[in-house]
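Engineer: Given these sequences and hints, build the entire structure.
What follows is each chain in one-letter form.
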Amino acid sequence: MKSPLILLLVLVSGLALLGLAAAKGAILILAVPLVIYVGVAVFYHPNKPVLTLTRQVSDERVAQGLPVTISLTLVNDGTLLEEVLVDDPIPDTLKILDGTARTLTTLSASEMITLEYTAQTTRGAVNIEAAQVTVRETFGLFQIEAFPAIPLHVSVYPRFSKMRALPIRPTQTRGFSGPIPSRQSGTGLDFFTVREYHPGDAQRYINWKVSARRTNELFTNTFEQERVADVGIILDSRYLSNQVTQNGPIFEHSVRATAALADTLLRAGNRVGLLVYGGTIQRVFPGYGKVQQERILQTLARATPGLNYALEDLGFLPTRFFPSKSQVILVSPLMTDDLRVLIRLRADGYSVIVISPDALDFEASGGKGNGIDPYAYRLAHAERAFLLHKIRRVGVQAVDWKVNEPLDQAVMVALTRQPARQRGGGLIR
Amino acid sequence: MKSERWLLVLIGLAGLALGIGYGVVGQARWGLGSLGVLLLWLAAEARGNRQFGWAGLVATVGLAAIGTYFDIPTAALILAVVASLSAWDLSRFHQRMKGVAAPNARLRMEKQHIIRLATVNGIGLVLAILSASIRLQITFVGIFLMALLLILVIFQALMMLAKWEE
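Going line by line, the protein sequences match chains A and B.
Going by my numbering, the first sequence opens with residue 1, and the numbers climb by one from there.
Going by my numbering, the second sequence opens with residue 1, and the numbers climb by one from there.
Possibly wrong hints are sitting among the right ones.
Covered stretches of chain A (in silico footprint by chain B; criterion: 3 or more residues with CB under 8 Å from a CB of chain B, positions within the stretch not fixed) [unchecked claim]:
hint	region
1	74–87
2	245–252
Derived lysine-lysine pairs resembling DSSO-like cross-links, with alpha carbons at most 30 Å apart [as the list claims (entries may be wrong)]:
hint	chain 1	residue 1	chain 2	residue 2
3	A	Lys390	A	Lys325
4	B	Lys2	B	Lys98
5	B	Lys2	B	Lys111
6	A	Lys402	A	Lys209
7	A	Lys95	B	Lys98
8	B	Lys111	A	Lys290
9	A	Lys325	B	Lys2
10	A	Lys162	A	Lys48
11	B	Lys163	A	Lys48
12	A	Lys95	A	Lys402
13	A	Lys95	A	Lys162
14	B	Lys111	B	Lys98
DEER-style ranges, computed between Cβ atoms [to be verified]:
hint	chain 1	residue 1	chain 2	residue 2	range
15	B	Leu8	A	Gly306	53 to 59 Å
16	A	Ala21	B	Met159	21 to 27 Å
17	A	Ala23	B	Arg29	24 to 30 Å
18	A	His45	B	Leu149	22 to 28 Å
19	B	Met159	A	Val50	25 to 31 Å
20	A	Pro151	B	Leu149	48 to 54 Å
21	B	Gly36	A	Gly65	34 to 40 Å
22	B	Gly142	A	Gln143	36 to 42 Å
23	B	Arg29	A	Val50	28 to 34 Å
24	B	Leu8	A	Gln282	29 to 35 Å
25	A	Glu60	B	Ile115	41 to 47 Å
26	B	Ser131	A	Gln143	26 to 32 Å
27	A	Glu60	B	Gly36	47 to 53 Å
Simulated from the structure, these hints should not be mistaken for lab results.
Bear in mind the structure is a predicted one, so any value in this text is a computation, not a measurement.
Positions of the beta carbon are idealized from the N, C-alpha and C atoms, including for glycine.
Structural biologist: So, in structure tokens, the structure goes:
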């Protein structure tokens, strides 16, 4: 019964009408305890509570999987409240590990209670705008609900492992010194070429072996300048390429990989931008440093796979977003039609790396009950291997990443073993 | 918990009052029916199912009203109504407390609730039994006017409830 008060009123009225209709006082008398019960509830009915609520959170930005402690303090600034139900309406994604987000208590004047709970949540943003406070008299017939605004905003960032510096070689670098070989001679550590001696060159850089072959000519070693680069990361959030398997969404792995890549590239001093392409297009314009990392992590925290028929293939990728001849890293499980776009990117002068989480392997690793036909799996695997092969043939560096292996290991193996012609500066065939 | 035992005792008391009342006036079938209905309620409450408390209260009040036609002693009927009202109230109280009551506040609230419930229903029981001894002669017009007044009161109460909800 939703409203006990209505039930009691119906019973009292029913008994009274029946008693009057039947002219039986005994029936009327049966209503007396019910009337007194309701009367006392009316007498003690709660007034609008005067409460002060404050909220504290241990950390407003937290990595995925780490616990966050939220506390809610309520002070009764009014008179005695016989029953107070305090409910912090937590979203379904928040999993309480310890404590409670809901309590029923009684509060005397000036009394204070604190509700504290530790929760864990999935990647994303946790937003709670108001708590719910329900005040009742002790019989629970009358209640007043209040929704005091005490907003809580917690950003849950993807959790990622640190990576070693990426061996990228974009066609063009920026003017500041950094870790990326710039294909230009100057001050650096790696040997670049030999040129004729110019007055003022340091004597220790003279290449005596080459100079010995010529008469009256000296040659000097030059070194490759190391600069920072522009790197654009594209996170594929298309629904069709990020289907959910028994092991969960592979998109989560893509997000973690993107966060790890952004972290390692920004730590190396590069200018990094992010484009999340799928249900919508979300951009983080290229930038440097920790602030940029924060922007990227915030965007990744909110990223979800989405279905948008206009963005079903990468054809509408806003390539102008990335500086020309810069390094582009696509994080995507890949679809067959994506090859066309990768060719276009290469033709536009971008150096492209594809980091492709292996959705097939991810699904197959679910165990015996995954329902995958072994022949179908082999065919799909062969199709994927062929796609990756074609991608490599057009001069794109492709990393076939089995998500149960560390990304760092997969990237290092793939990017250091490929022949030079297939690296950033490779030919398009 | 102590008050949970009280809840079961009260349902049993309501059942016994009705059963014995009907038995005294020779209506064994009604008596057994009353006991059966209240045993169902008792079983539901004992299993922690608190969804049917309202049905138990309605059934008890209905059976008590029917009992007046068989001239069952009014005190037994009033006792049954008061006991079932108390049981229904305790059942709802436990439903509200379940899983959300702060451990330190639980005992305090329970004590406070039981004291008020016992006081209110004790007063209700005494007043109802006292009213049973009052004899009034009311004419048909008087009854008609009282019925009109009652309808007006019910209407006002419903209006007040609607306003309260807003």
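Engineer: Each hint needs a verdict: does it hold in this structure or not?
Structural biologist: Evaluation of the provided hints:
Using a Cβ-Cβ cut-off of 8 Å, 3 residues of the region 74–87 of chain A lie near chain B, which meets the minimum of three, so the contact claim holds. Interface restraint, the region 245–252 of chain A with chain B: violated (0 residues with C-beta to C-beta distance below 8 Å; minimum three). In summary, the hint linking Lys390/A to Lys325/A is supported, as the alpha carbons are separated by about 22 Å, within the 30 Å threshold. With a C-alpha separation of about 15 Å, the suggested pairing of Lys2/B with Lys98/B holds against the 30 Å cut-off.
Taken as a hint, the Lys2/B and Lys111/B pair is honoured in the structure, with Cα atoms around 10 Å apart against an allowance of 30 Å. Between Lys402/A and Lys209/A the CA atoms are separated by roughly 48 Å; this puts the pair beyond 30 Å, and the hint is violated. Restraint check for Lys95/A and Lys98/B: the C-alpha separation of about 20 Å stays at or below 30 Å, so the hint holds. Restraint check: the Cα-Cα separation between Lys111/B and Lys290/A comes to about 57 Å, which exceeds 30 Å; the hinted pair is violated.
In summary, the hint linking Lys325/A to Lys2/B is not supported, as the alpha carbons are separated by about 78 Å, beyond the 30 Å threshold. With a C-alpha separation of about 53 Å, the suggested pairing of Lys162/A with Lys48/A is violated against the 30 Å cut-off. Distance check on the hinted pair: Lys163/B and Lys48/A sit about 15 Å apart at the alpha-carbon level, within 30 Å; holds. Restraint check for Lys95/A and Lys402/A: satisfied, since their Cα atoms lie roughly 29 Å apart, inside the 30 Å limit.
At most 30 Å may separate the alpha-carbon atoms for a hinted pair to count; Lys95/A and Lys162/A meet this at roughly 27 Å. With a CA separation close to 16 Å, the supplied pair Lys111/B and Lys98/B stays within the 30 Å bound. Range check, Leu8/B to Gly306/A: about 55 Å between beta-carbon atoms, so the 53 to 59 Å window is met. A hinted range of 21 to 27 Å holds for the C-beta pair Ala21/A and Met159/B, which are about 24 Å apart.
Under the hint 24 to 30 Å, the C-beta atoms of Ala23/A and Arg29/B, about 27 Å apart, fit the expected range. At roughly 23 Å, the beta-carbon separation of His45/A and Leu149/B lies within the given 22 to 28 Å, and the hint holds. A hinted range of 25 to 31 Å holds for the C-beta pair Met159/B and Val50/A, which are about 28 Å apart. Taking the beta carbon of each, Pro151/A and Leu149/B are about 51 Å apart, inside 48 to 54 Å as hinted.
About 55 Å separates the C-beta atoms of Gly36/B and Gly65/A, a value inconsistent with the hinted range of 34 to 40 Å. With their beta carbons about 38 Å apart, Gly142/B and Gln143/A fall inside the hinted range of 36 to 42 Å. Here the CB-CB span from Arg29/B to Val50/A is close to 57 Å, at odds with the stated 28 to 34 Å. Distance hint for Leu8/B and Gln282/A: a CB-CB separation of about 60 Å, inconsistent with the stated range 29 to 35 Å.
As the Cβ distance of Glu60/A to Ile115/B is approximately 45 Å, the hint placing it in 41 to 47 Å holds. A beta carbon spacing of about 31 Å between Ser131/B and Gln143/A agrees with the range 26 to 32 Å that was offered as a hint. Between Glu60/A and Gly36/B the beta carbons are some 60 Å apart, a value that contradicts the proposed interval 47 to 53 Å.
Checked against the numbered hints given earlier, the structure breaks hints 2, 6, 8, 9, 10, 21, 23, 24 and 27 and satisfies all the rest.
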